[in-house]
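Novice: Below, each chain spelled out in residue letters.
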Amino acid sequence: MPNKLCQLLQIDCLQYRSLLQISLKLDFRSERLRGYRGSEKSKKRAFLFTIVFYLIISLVISLSTFQHLDVGSYAFLILSVSMLFMAMAVVIEFNDIVVNPQDAEILGPRPVSSRTYFWVKMTNLFFYVIVMGASLNLIPAIVGIWTQNSGYHFAAIYFLVSCIANLTTAAFVILLYSFLVRMMNFERFKDILAYVQIVFTFLLFFGYQFLPRVMQHLNGSVTYTSLQAPWNYLVPSMWYASIIMAVFGNISTHVVCLAGLGVVFTVVLFAHSSGKISLEYADMLNKLTTATVSQVESLPRGASLKNSLVKRLLNKIVPDPVECAGYELVSKYLHRDRSLKMRIYPSFAFPFAMIALFIYDGRFTDPFAPGAGFDTFFPLIFFVYVAMFFHFLLPTSDDWQAAWLYWVVPVDSISKIYWGAIKAVILQYVLPYFLAAGILLSTQMPVTHAAAVTVFNFCFFLAYYAFLSLFNTDLPLSKKYERGQSNFRFTLMVIIFPLFVIGIGLEYLIFRHSSLLVFAIGGLLFLSIIFWRISGVRLAKRFSTQEYLT
Amino acid sequence: MIELKNLTRSFNGLVAVDNVSLFIPSGQICGCLGPNGAGKSTTVKMHTGMLKPTSGTALVDGFDILQQPLEVKKRIGYVPESGALYENLTPLEYLQLVGRLYHMDEKVLEEKIDEFLRLFKLWEHKNQRMKTFSKGMKQKIVISAALVHNPSVIFLDEPLSGLDANTALLLKNIFRRLAEQGKTIFYCSHILEVVEKICDRIVIIDHGKIVADGTINQLRLLTSQSSLEAIFSKVTHSEDMAEIAEAFSKVVGTMS
Numbered sequence: 001m002p003n004k005l006c007q008l009l010q011i012d013c014l015q016y017r018s019l020l021q022i023s024l025k026l027d028f029r030s031e032r033l034r035g036y037r038g039s040e041k042s043k044k045r046a047f048l049f050t051i052v053f054y055l056i057i058s059l060v061i062s063l064s065t066f067q068h069l070d071v072g073s074y075a076f077l078i079l080s081v082s083m084l085f086m087a088m089a090v091v092i093e094f095n096d097i098v099v100n101p102q103d104a105e106i107l108g109p110r111p112v113s114s115r116t117y118f119w120v121k122m123t124n125l126f127f128y129v130i131v132m133g134a135s136l137n138l139i140p141a142i143v144g145i146w147t148q149n150s151g152y153h154f155a156a157i158y159f160l161v162s163c164i165a166n167l168t169t170a171a172f173v174i175l176l177y178s179f180l181v182r183m184m185n186f187e188r189f190k191d192i193l194a195y196v197q198i199v200f201t202f203l204l205f206f207g208y209q210f211l212p213r214v215m216q217h218l219n220g221s222v223t224y225t226s227l228q229a230p231w232n233y234l235v236p237s238m239w240y241a242s243i244i245m246a247v248f249g250n251i252s253t254h255v256v257c258l259a260g261l262g263v264v265f266t267v268v269l270f271a272h273s274s275g276k277i278s279l280e281y282a283d284m285l286n287k288l289t290t291a292t293v294s295q296v297e298s299l300p301r302g303a304s305l306k307n308s309l310v311k312r313l314l315n316k317i318v319p320d321p322v323e324c325a326g327y328e329l330v331s332k333y334l335h336r337d338r339s340l341k342m343r344i345y346p347s348f349a350f351p352f353a354m355i356a357l358f359i360y361d362g363r364f365t366d367p368f369a370p371g372a373g374f375d376t377f378f379p380l381i382f383f384v385y386v387a388m389f390f391h392f393l394l395p396t397s398d399d400w401q402a403a404w405l406y407w408v409v410p411v412d413s414i415s416k417i418y419w420g421a422i423k424a425v426i427l428q429y430v431l432p433y434f435l436a437a438g439i440l441l442s443t444q445m446p447v448t449h450a451a452a453v454t455v456f457n458f459c460f461f462l463a464y465y466a467f468l469s470l471f472n473t474d475l476p477l478s479k480k481y482e483r484g485q486s487n488f489r490f491t492l493m494v495i496i497f498p499l500f501v502i503g504i505g506l507e508y509l510i511f512r513h514s515s516l517l518v519f520a521i522g523g524l525l526f527l528s529i530i531f532w533r534i535s536g537v538r539l540a541k542r543f544s545t546q547e548y549l550t
Numbered sequence: 001m002i003e004l005k006n007l008t009r010s011f012n013g014l015v016a017v018d019n020v021s022l023f024i025p026s027g028q029i030c031g032c033l034g035p036n037g038a039g040k041s042t043t044v045k046m047h048t049g050m051l052k053p054t055s056g057t058a059l060v061d062g063f064d065i066l067q068q069p070l071e072v073k074k075r076i077g078y079v080p081e082s083g084a085l086y087e088n089l090t091p092l093e094y095l096q097l098v099g100r101l102y103h104m105d106e107k108v109l110e111e112k113i114d115e116f117l118r119l120f121k122l123w124e125h126k127n128q129r130m131k132t133f134s135k136g137m138k139q140k141i142v143i144s145a146a147l148v149h150n151p152s153v154i155f156l157d158e159p160l161s162g163l164d165a166n167t168a169l170l171l172k173n174i175f176r177r178l179a180e181q182g183k184t185i186f187y188c189s190h191i192l193e194v195v196e197k198i199c200d201r202i203v204i205i206d207h208g209k210i211v212a213d214g215t216i217n218q219l220r221l222l223t224s225q226s227s228l229e230a231i232f233s234k235v236t237h238s239e240d241m242a243e244i245a246e247a248f249s250k251v252v253g254t255m256s
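Here the protein sequences come in this chain order: A and B.
Here our numbering is used: position 416 in the first sequence is 416, and no number is missing along the way.
Here our numbering is used: position 243 in the second sequence is 243, and no number is missing along the way.
Rather than coming from a laboratory, the hints here were simulated on the basis of the structure.
Below are the SDA-like pairs computed for lysine to any residue, each with C-alpha atoms no more than 25 Å apart in a straight line:
no., chain 1, residue 1, chain 2, residue 2
1, B, 112, B, 174
2, A, 190, B, 128
3, B, 112, A, 315
4, A, 332, B, 142
5, A, 4, A, 24
6, A, 541, B, 75
7, A, 190, B, 87
8, A, 341, A, 398
9, A, 332, B, 107
10, B, 74, B, 178
11, A, 480, B, 84
12, B, 138, B, 163
13, B, 74, A, 545
14, B, 138, A, 398
15, A, 332, B, 117
16, A, 541, A, 473
17, B, 131, A, 401
18, A, 316, A, 332
19, A, 541, A, 530
20, B, 52, A, 401
Derived contacts from chain A toward chain B, CB cut-off under 8 Å, selection only:
no., residue
21, 321
22, 332
23, 404
24, 412
From a predicted model like this one, the values you see are computed outputs, not experimental measurements.
Backbone N, C-alpha and C define an ideal beta-carbon position, used for all residues, glycine too.
One chain only, chain B, in its complex shape:
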């Protein structure tokens, strides 16, 4: 489970995450939506140890991110938005590296790596340096690395970025199965359709604050909107997109 308690983070006076409190029970996939710069990634990075909260704290499986950061890290898996990898390594080497950093048993690690690579159809590329991999192939390795140590809480930041439809479908099914096993999944994304489909609950963040929180049906009732897109626009107080699009296209047509 994940529990945020008045979590705040500012950067040089700019408040990126503003006093956010949230509870996500085990076995739930919680989707996190928000405009660019809303504070989604910042929230995730505070849980993974990459950033420190300015104030407040969070608990992961009962462990405080500030008081017991190592215990928290042992229990989380993280897929960053950048998907950055040490690309001069082969997938085998990278997953071994990650496994060792999580103090995994070598034999268990080897078996898991083999299985992950086979299931992602990367077995024949296991000794190939990832520099030559496509974006989708690299993303599969990042996801494997996030799951190899069997975390109970998983933070995903745009995990389907760059993936083909089949792989995206596979991963959506994987996330669902993991949640059914009791894992907690915090899923950040801009892709409303995916979030709507796989998440049990949706949290919308805007300017560092939670502006909506509930299941899709609850949000529909709350905002009197039927689609998630409309809900999102309403709660983030987006201006009329149609008007902006009209004005923009007029400017495009202007050459002098």
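Bound-form chain A, shown alone:
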């Protein structure tokens, strides 16, 4: 950062440069967790996957829309997607990139001003925003040259405006959070962060589904003019699209007002950030690090009876004490560990979003009826995404260092802890959600038919989850969650999506020949058992040679 700019922002240039260098260096260093998992490239790989994913998404969207849209409407669409993704990325990585309480411990006693520290974090964040924003907008910038009323200069103008829009989005999210942190205690704040993430995932999924529906209605072309309406003033992506329109010579009152709104919003936001927010940043960080809430949980009335009933049921489900220990540990962590919830709960949004969408579109048909299509099977297969989330994320925890316990206890087969965890996942999360899905389906078809579809998909889920467990190398809550992993997983989910199309196809064929259904369900259950047995043996064998290296 040039010295003049440092002076303008009232920050120490030397401190700023030093801290920024370290910050960026640390971002790409993966900690070695137990020598058998030497993966120092994993962070870089996760980041690369995110870039690739964004490039693919941007390619698909731009190529499928540019012929139907003019400059303004095209810019609006792409900017909307880009800003939504950016907001989500900041929300997901907020705890690590924007406010890391560990930084307060290390830097707190040092003579680093709040402003300097704030701009180090913002520059760090903006680095990611620009790189991710570029991967989301570079291809559309080029493709947009061939939209209606466009030109070669569209690429440069659009790209510049998209960078500003993305940076503004990131800054806005941070402003919003700094406001929330001031209003409430840190624990409540983290709760809200968790649920916002879940809502964002929902929005993102609906947004992704919105596009194909919009395409269906694009008989001719959609122009910027046809989109003009009062709601434009409430949608930031329209403001920035209007800036592009203004540069292209459209100087109508509507365009100028919207473009002006965009410019003013950006300027005010950055001015406010560089002023008030940067000054209060250290206070915010202190609040985040010192705020603790005493969570004394006294048992409610009637709890002892409930507890004894639950205990008896638990003894039936997990009679082995080691399995029971694994079951209860994971069960409690899935209920209480906010970080884990934030990472896993969004996965449930996908299948339910699909179910809600299909009910809305009236696309569910009785699978046993003659001429029934594929649609009915589509939503529930998304539960396999839930399996992926659990597979990747259940081993992670902020308390991963406590896993030393696994090595020290005299457990003849450590895989029992793993089975306990799997049972907790299936019984407390997956089964209730499939039941809920089945109830929803039964509003669209006869109850028995809905039950058949639900049971089949549940067994498919079990088989898939069991298959994934063959690649499991970690015990529950035993490794540190690494930044960027969520984006990596998201990318993987999209990439393997075509495989599920095959699954849907098979399901369709089985339901066409309903006599095969029972055998298919039995086969899936059998496969589940086989895969889980194999994975149990492999995990136990692998664990017996693993060492606790930190």
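Please build the complex by placing chain B on the supplied structure of chain A, with the hints as guidance.
Specialist: Structure of chain B alone, referenced to chain A:
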């Protein structure tokens, strides 16, 4: 009892524990001292199953750590230096978890947990998640977890870290009583005063080797030094600390 037989552990060519042999009888508190990186924690981790020896072996109550690891684990209690816990659990839940992993009888486990929590004055916090606990409170739970299954051999790695003076005094008395009951205690620490006070015998490790082994009086005679601090400095061939301190303070005073 604990018996180390030519125990060795290396990491990528670096020898952390170098051919160590040692015998600690039952009822003895053996203090283990050494500079940072000497191999103390590595030695302990080999006994607890967290690391495997590169060569050699060790016996715990007659059971080989390599041939009969489960039998060894049933008999040991371990307090790690990190003191890491699953903090989203309450102390009750964590101790229940540990007890189950040791296959303890539920009724006995419940009674013991109750007593431990009362004695450590944590009873009113039994349903409170440990995330909100102080370091000292967490350490009490870690120590309870290490003792709940009545181990005959106890490995302690900086067990008094973060504890207030009263709790530290309580624990020192507890360790003494446990030793009198016939338990073997292997106590790793940097705090020389504590080791000197409670340990029957002191082993000093440096660069993976035992450089001194005996009671405090034996070590005094051996090294002609009166304090444990001086003994430690001598056997670990530490440079003259006074000279280093002088040079360091001179550098601190230099601003340009």
